[in-house]
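Start from the sequences, fold in the hints, and give me the full structure.
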Amino acid sequence: MIVANVPLRAILWDFDGVLNDNAPRGRFLWSDGFEDRFGQPIDGFVDTVFGSLESVLTGREDLLQRIGRWIDGSGVDATPQQVAQHWLDNDFHPNTRLIQTVARLARQGYTQAILTNADAYRADWVERQLPHFPGIDHLFASARLGHAKPDPKAFEKVLEALEMEAGEVLFIDDSSANVNAAGAMGFRTFRYSTLAHDALQWSLPR
Numbered sequence: 009m010i011v012a013n014v015p016l017r018a019i020l021w022d023f024d025g026v027l028n029d030n031a032p033r034g035r036f037l038w039s040d041g042f043e044d045r046f047g048q049p050i051d052g053f054v055d056t057v058f059g060s061l062e063s064v065l066t067g068r069e070d071l072l073q074r075i076g077r078w079i080d081g082s083g084v085d086a087t088p089q090q091v092a093q094h095w096l097d098n099d100f101h102p103n104t105r106l107i108q109t110v111a112r113l114a115r116q117g118y119t120q121a122i123l124t125n126a127d128a129y130r131a132d133w134v135e136r137q138l139p140h141f142p143g144i145d146h147l148f149a150s151a152r153l154g155h156a157k158p159d160p161k162a163f164e165k166v167l168e169a170l171e172m173e174a175g176e177v178l179f180i181d182d183s184s185a186n187v188n189a190a191g192a193m194g195f196r197t198f199r200y201s202t203l204a205h206d207a208l209q210w211s212l213p214r
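Residue numbers 9 to 214, in this note's numbering, belong to the letters of the sequence shown in order.
None of these hints come from the bench; they were simulated from the model.
Values in this document were obtained by computation on a predicted structure and should not be read as measured data.
Here a beta-carbon is modelled for each residue, glycine too, at the ideal position from N, C-alpha and C.
Mixed in with the good hints there might be a few duds.
Below are the EDC-like pairs computed for lysine to aspartate or glutamate, each with C-alpha atoms no more than 16 Å apart in a straight line [stated by the list, open to error]:
1) K161 <-> E62
2) K161 <-> E171
3) K161 <-> E173
4) K165 <-> E176
The following label-pair restraints were derived from C-beta to C-beta distances [unchecked claim]:
5) A192 <-> P102: 27 to 35 Å
6) S39 <-> R68: 20 to 28 Å
7) R105 <-> R45: 28 to 36 Å
Structure representation (structure tokens):
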């Protein structure tokens, strides 16, 4: 963690891999049952829909259109919305230990926000999950910002919206690239993993 010489005012959380424990040991839990549901190998879906995601994550391309191309090529009897909903319905696995942490920090008066790399469709879905994390005040999604982590412009837009300096914000993410980018801008940072959960608790205000 980088400690700045200004008071801490906000916690900026990553969603997937931190607040949402959806890929333990590197395996996305939403993939369970996908082939049984749609009758097609999951590798083809992943390659078509999740390959080269920058244009999707920055809002320049519609993820549902990619899913539509996969449907057209595979012959699956489903709409893009039905496929996307199956993915999202099986992708929410809240980190219950961090829910308690978010609530405690809220009681202490800290502003809390999520910064996630998400397409527009999934960003709307993440927003609907916010009641599960009482104390989160803002959602910043890459498709809405027009920039994705670790692009410094994504972090700059968050700081502008929060009206804070980088040193006033602790950024928590499971990606070293994202953490390093934020740290280079002066954010306080913590790279999260389930093994580092206790270390995070000791690093947070008490």
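Status of the hints after comparison with the structure:
no.: 1; hint: K161 <-> E62; verdict: holds, 14 Å
no.: 2; hint: K161 <-> E171; verdict: holds, 15 Å
no.: 3; hint: K161 <-> E173; verdict: holds, 14 Å
no.: 4; hint: K165 <-> E176; verdict: holds, 15 Å
no.: 5; hint: A192 <-> P102: 27 to 35 Å; verdict: holds, 30 Å
no.: 6; hint: S39 <-> R68: 20 to 28 Å; verdict: holds, 26 Å
no.: 7; hint: R105 <-> R45: 28 to 36 Å; verdict: holds, 30 Å
When held up to the earlier numbered hints, the structure conflicts with none and fits them all.
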